[in-house]
Amino acid sequence: MKTIFLILKREYLVRVKKKSFLVMTFVTPLLVSCIWLVPVFFAMRGIDQKKVEVIDENGKFGNTFKDTKELVFKPVNMPVESAKKEFGKSGYDVLVHIPKDILENPKDLKIYSEKNVSLEVKRGIEKAVEQEIENIRLVEAGIDRKVLESTKVDVSSDTFSLSEEGEKDSSSGAATGIGYFCAFIIYFAIFLYGVQVMRGVMEEKTNRIVEVIISSVKPFQLMAGKILGVALVGLTQFLLWILLTFGISTAASSILGQSVGPQNRIEMMANQPGAAKTPPTEKAKTEQKNSPMASVFKAISTLNIPLIIGCFLLYFIGGYLIYSALFAAVGSAVDSDTDVQQFMFPITIPLVLSFIMAQFVIREPDGAVAFWMSMIPLTSPIIMMVRIPFGVPAWEIILSLTLLIGGFLGTAWLAARIYRVGILMYGKKPSYKELAKWVFYKA
Amino acid sequence: MNILETRHIVKQYAQHRALDDVSIDIPRGQIFGLLGPNGAGKTSLIRIINQITGPDEGEVFFDGKPLSQEHIGRIGYLPEERGLYKKMKVGEQLLYLAQLKGLTERQAMEKLKEWFIKFDIKTWWTKNVEDLSKGMQQKIQFVATVLHEPDLIILDEPFSGFDPINANLIKDEILELRQKGSTIIFSTHRMESVEELCDHIALIHRSKKVLDGPKKAIKEQFKTHTYHVEYQGVLNDLNPAYTVLDKKPLEDGFLRANIRIPRDAEVNELVRNLIDHVSVRAFGENIPSMNDIFIKAVGEVPN
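Protein sequence lines, in the order shown, are assigned to chains A and B. 1 is the number of the first residue of the first sequence in full-length UniProt numbering; add one for each residue after it. 1 is the number of the first residue of the second sequence in full-length UniProt numbering; add one for each residue after it.
Where hints are given, some of them may not hold.
Stated by the list, open to error - Okay, derived cross-link-like pairs now, DSSO-like style, lysine-lysine, Cα gap no bigger than 30 Å in a straight line: (1) Lys122/A - Lys107/A; (2) Lys89/B - Lys9/A; (3) Lys17/A - Lys87/B.
Stated by the list, open to error - Using C-beta positions, here's what the derived DEER-type ranges look like: (4) Trp372/A - Glu80/B: 45 to 55 Å; (5) Thr236/A - Thr123/B: 29 to 39 Å; (6) Ile398/A - Ser133/B: 51 to 61 Å; (7) Asp339/A - Asn2/B: 40 to 50 Å; (8) Thr338/A - Glu81/B: 19 to 29 Å; (9) Asn304/A - Gly54/B: 47 to 57 Å; (10) Leu313/A - Glu81/B: 34 to 44 Å; (11) Lys113/B - Thr236/A: 28 to 38 Å; (12) Glu80/B - Asn304/A: 57 to 67 Å.
Keep in mind that the hints were calculated from the coordinates and are not lab data. Computed from a predicted model, the values in this text were never measured in an experiment. Virtual Cβ for every residue (Gly too), placed ideally from N, Cα, C.
Produce the complete structure using the sequences and hints provided.
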């Protein structure tokens, strides 16, 4: 154990001290933060309200326009020509001219402004006018205004899953999202760190230091120390990524929040679920309930989060161990980068296949394909993680994990047998037949 | 007392028997030359002694006990193919390798200090291995091999890659290590260094041990009972028991001849016989060089 620890320590420190590790670790959270902060930033700029002057020659519109986030309407009483002349001084952004015969010729609406009006503003104004024309026509047809208002509803649905525990909230959207996310992280991590294990083995072999090392330690100890060391590097990197992304995002959004001015900020806060500062008026409550973030949180809260996290860790570790042992075996069998491809291919097939199959499994998480692929140790880390948010019987998870552990022991044994021979073999590229022979060599 | 004994070692690879019934005894405190042409099985034997691989048949005894993991810290190994972690600092690397051999960090540090002063390489401590020249890397690797003061040191072609000055430095270190009581197994093709350093030798050829024993005894065994003489005059009418193998004139009017005498003949008789016929300038026995012995035993030129 002491030797494995020594090896692990070296593998860990060498990698963590590398410049590329530091760059990857610190740049990635910056990029991730940018990816979601930039749209937010622009969305917030868009909240910039335009002031709209309305000249209503028809007379039926008057004060009926409702202000929106983007537009504030102000009726004015003056002839169009003088309004146009004074427009520059008036401080308004847009001038809307509703001609007398608008009801007959709806296409006669005119919009004036100093700069070009954005498509969004144009649509907003057109929509407001359209709405009013519709209303006016309906009222003229004898329908009461109150009836009109009561017909406007906003539909959104909640889905429920029926189980022995009775009716409970579920959200297939959230389950899909979480399942996919976990599967992707596992897929990504196996590749990223598995290849690092392989490169490490190849480095030792091509540097010829391996002979010195294994005159001091057993090949299995060297392999195990390397795999565990890289695993710790991976955990460190992921932890830093999470902390840094969170930190940068929080810092950046608070800076952004200040720069958009107090009025919008309050509005934003009101839209945020659980914003404590605004009094919980009836309106705010309904807004909270309907805001998309809130519904995501609500959906997530219906899932079995501790189970998902627990299984994620187990499958993450199990999947990494299985594949990195295989990657180590590949690294030991080859001399040069050019030979890697041939042996990498069969290892990556189950990995890539399970990632592709994940999208079918998501559509039918209880199908036969889903079941079998979540039992086979090489595919289960990805497929089972896709299924778990939808709910999987406990016995299936236990069986799958047992098989995963068994699979790991099997691949570790196999990899160790190839590894101990491979690291001392130089020269020609071995065939699969030779690899098979190595497995049965006496140590 | 032998520090290491191998008994009837057999190592079989798929199509090839690398070692066939190899038994050697390595006496303590000696420099033991392990000789043989390329592909004879030297490296296979060395790997078995280092427990990198195991024998298919036979046993190895270290200090009278079956070889096991506990002996790893008492063996130091310098493989023919040298290698270090290129991106690692010299100091860190040596500390790591010493710790793998069972030293604590503090012990390793103390011993490293001595070596760094001895070799005058203090400035190398924080350098990356890849920034050192090949010869410098070899020196580092030699330090790594002997740092834990092993009882048995295995050196595979230790002088390759060294310039003559550094090769001499390493040679002196090897002799000093023997002085301190270490046993050295020394595998090489360079017969002049075998001549100079080894006390014992074993010769492996085509997976079998063909020769072993103290260097002196082997030389005795390969003695040809021939003598050379430099003389003036006519070398005829010698005792018919003596065979003149060849004669050739030297530049200064003298001649040089090789003469074989029967196994039981007295050298003094030959000298007397010579003096009667010619005037002798120089006379001596032809002692076989290691090179001659190698060629004779193997039928190949060492390469």
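Q | Violations among the numbered hints | A | none
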